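Trainee: Sequence:
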Amino acid sequence: MNKTTAETRSAIVEREFPHPPEKLWRALTQPHLMEEWLMKNDFKPEVGHSFNLRGEWGGVLDCKVLAVEPHRTLSYTWNFVHADAAYNLESVVVFTLTPTATGTHLRVEQSGFQPHQKQAYGGAHAGWKQFLENLDQLMARQG
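Those letters in the sequence shown? Residues 817 to 959, by the working numbering.
Check the hints yourself; a few may be wrong.
To be verified - Subject to a maximum C-alpha distance of 16 angstroms in a straight line, what follows is the list of computed EDC-like cross-link-like pairs (lysine to aspartate or glutamate):
#1 K880 - D858
#2 K880 - D900
#3 K860 - D878
#4 K839 - E885
#5 K934 - D878
#6 K945 - E852
#7 K839 - E925
#8 K934 - D952
#9 K934 - E823
#10 K860 - E823
#11 K945 - E862
As the list claims (entries may be wrong) - Using C-beta positions, here's what the derived DEER-type ranges look like:
#12 S866 - G959: 17 to 25 angstroms
#13 G959 - A899: 25 to 33 angstroms
#14 T916 - L954: 13 to 21 angstroms
In case anyone wonders, no lab produced these hints; they're calculated from the structure.
No experiment lies behind these values; they were computed from the predicted model shown.
We put the beta carbon where it would ideally sit given N, CA and C, even for glycine.
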């Protein structure tokens, strides 16, 4: 099945953090920290590593690391197998960290939403905002 990028949508959420990229990077790549702001996981920051994210809602996401550029870029697949095509998702998440004068600008883009996946797209947009709020709280606790 051929899919062109014009047929898919991306959920993009951006946020400023008053912390250096190195500190944010640890939270994005260390499983025990990821669990605090994202989901339970068996992540390793190694290209080609397959892992799962397990949501509190009972769902399991199948993921595979696509790119690791320490303190700058992290990318992995974010796939959810579901009988309902509206929720059966094959997507890619890209985290881009850009140093700023006061910390780090984090851009999260989840791409691959099909036109009939409006609820999944809306859910991802709202979900990433909440995840980044959780991440901000984790960073604040770490001082």
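Trainee: Hint by hint, say whether it matches the structure.
Mentor: These are the hints, each one checked on the structure:
1. K880 - D858: Holds, at roughly 11 angstroms.
2. K880 - D900: Given that 16 angstroms is the threshold and the Cα spacing comes to 22 angstroms, the pair is violated.
3. K860 - D878: 14 angstroms, holds
4. K839 - E885: Satisfied, since the Cα-Cα distance of roughly 14 angstroms is no more than 16 angstroms.
5. K934 - D878: Answer violated: K934 to D878 is near 21 angstroms, above 16 angstroms.
6. K945 - E852: Given that 16 angstroms is the threshold and the Cα spacing comes to 15 angstroms, the pair holds.
7. K839 - E925: Given pair K839, E925 is violated - Cα atoms ~20 angstroms apart, limit 16 angstroms.
8. K934 - D952: 27 angstroms, violated
9. K934 - E823: 13 angstroms, holds
10. K860 - E823: Given that 16 angstroms is the threshold and the Cα spacing comes to 31 angstroms, the pair is violated.
11. K945 - E862: With Cα atoms ~26 angstroms apart, K945 and E862 exceed 16 angstroms; violated.
12. S866 - G959: 17 to 25 angstroms: Cβ of S866 to Cβ of G959: about 34 angstroms, so the range 17 to 25 angstroms is violated.
13. G959 - A899: 25 to 33 angstroms: Violated, at about 45 angstroms.
14. T916 - L954: 13 to 21 angstroms: At 19 angstroms between Cβs, range holds.
The earlier numbered hints that this structure contradicts are 2, 5, 7, 8, 10, 11, 12, 13.
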